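> This is what each chain is made of:
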Amino acid sequence: MTSLPTTPGLGFKPEHFADIAGRPGAVGFYEVHAENCMGAGGAPHAMLDALRADHALSVHGVGLSIGGAGPLDADHLARVARVIDRFQPASFSEHLAWSSHGAAWLNDLLPLPYTDATLAAVCAHVDQVQDRLGRRMLLENPATYVTFAQSTWDETAFLAEIARRTGCGLLLDVNNVFVSAVNHRFDPRAYLAAFPLHAVGEIHLAGHDTEDLPSGPLLIDSHGRPVADPVWALYAEVIARTGPLPTLVEWDTDVPAFDVLLEEAARAGRVLDAARQGQADAA
Amino acid sequence: MPPDPAHRALQAQFHAGLWGGPVPDGVTAPAEAEAARRFNVYRNNVRHGLSRALAARFPVIEQLVGGDFFTAMAGVFAAQHPPETPVLLAWGEAFPAFLTAFPPVAHLPWLACVARIELARGRAYHAADADPADPAALAVGDPAGLRLTLHPSVALYTSPFPAVAIWRAHQPGAVPGTPLPPGPSHALIARAPGFQVVVEPVDPGTHAVLTALAGGAPLGHAAGQTDPTPALTLLLRHGLITAITTGDAP
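Respectively, the protein sequence lines represent chains D and W.
So in this note's numbering, spot 258 of the first sequence is number 258, and the numbers just go up one at a time.
So in this note's numbering, spot 48 of the second sequence is number 1048, and the numbers just go up one at a time.
Hints are computed from structural coordinates only; laboratory data are not their basis.
As the structure is a computational prediction, the values presented were derived from the model and not from experiment.
Cβ atoms here follow ideal geometry from the backbone N, Cα and C, with glycine treated the same way.
Hints should not be assumed to be uniformly reliable.
If we take Cβ atoms under 7 Å as the criterion, some of the chain D residues that face chain W in the derived model are [what the hints assert, rightly or not]: (1) Gly42; (2) Trp105; (3) Thr118; (4) Leu119; (5) Ala149; (6) Thr152; (7) Trp153; (8) Thr156; (9) Pro217.
Pulled out of the complex, with its shape left as it was, chain D reads as follows (with noise of 0.2 Å):
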């Protein structure tokens, strides 16, 4: 499994790196994006180094493209396997989701219909990722605004079968399950009822923004805001069910000062308490 500390991590937000330096400890885990690590040297680097000399390292990927339809792009592969070289991190994590095209890089999460084939392409790139690698590596559930009339899979049990299948752990993003099933109008408790919890090795939270469409809301996976009370409530039921897990709160847009993230952390960390003080009177 995931060695990330069970406690509340935030992603790193450069602007914040005298504040972490100053309250070493005031988070168990950061992380960063590997995308952001892969210039040469330089500041990105020396913070990086530093962070890691007080605190466990996740490593998130956004690049690999993983729900491609053609091969891995070898040479982005190469760029993370340095990464992770370099860094050490307790966990690397990627998406359930597509991002590139032939040559050109599509800079979004871009959704998947769940079928028999793709089921193989992702187990593929999953397998492929791992043995590079040489380590577990966690697959996120991604926030979807449209689904395809080609899936013949619901995502739980498509995310079910590649943990099955590759022995990946899943990164659960609770917003992201809020974000669907709004947009989908499903229930997201049925959802995390259905959800391999066994398989999960990290939590994401974070906030969406709300557009309106006729027929009801669109959320929107932005990570500019405070995690919704509505997501902090399916948080509390899943942790109540699985006991502590390391939960990241992700803020990358309009970024605030640190403190407002601490605030958001100290949030998860009284969810994570609660759980352990129940596993605690249960012993």
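Position chain W against the provided structure of chain D, taking the given hints into account.
Then chain W, alone, in the frame of chain D:
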């Protein structure tokens, strides 16, 4: 494993749809009529994300042309020169040449030169690390035969326009209304210890000395008839000499 033709065809349609093609076959939603509106979220994410990535690398260009114009121009650039890898910190190398050829900014011929400064600064920020050499080695033996290895971040910049002054006028703390010097500009762009990227204006002679030194010429040859002191002082001040070897050393 051979790629699934249906999956490949769908992703080709999806890609085309992101850049103005129709919504791909099979894309659906609970209210079917809203599928296109939902697909627009992906179209907007791609454009907005790339526009912000370009603005992060070329913030002075965004200031110079204004946010709305920059966003529209970034959309044209991204369609013509999409990123070829997921490493967005390296995207935008083609932007200065694009600006030279983009008709709506043809009346701003110096804009591409300002963009080249920002490009060099980004390269310097992410360049490989190297520790400064002990400057005492400069005082050993015949200085004319010494060769210097400069820090990997070092770039020598030149423009037929006062682009360096324009760039500096758009930095925090710049004094508004400072008159621009006429004519060409030269600069040393590099990353100092402590990771600050510096843009140091230099005179043409110092630029020539620095360019020769960066090319591996021995100090005596690099200087020619020019006094090498300003070039050496600048390099030493920013810790940009990483090795000092005598002329016959490799």
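> Return the numbers of the hints above that this structure violates; sort them in rising order.
4, 6, 7, 8 and 9
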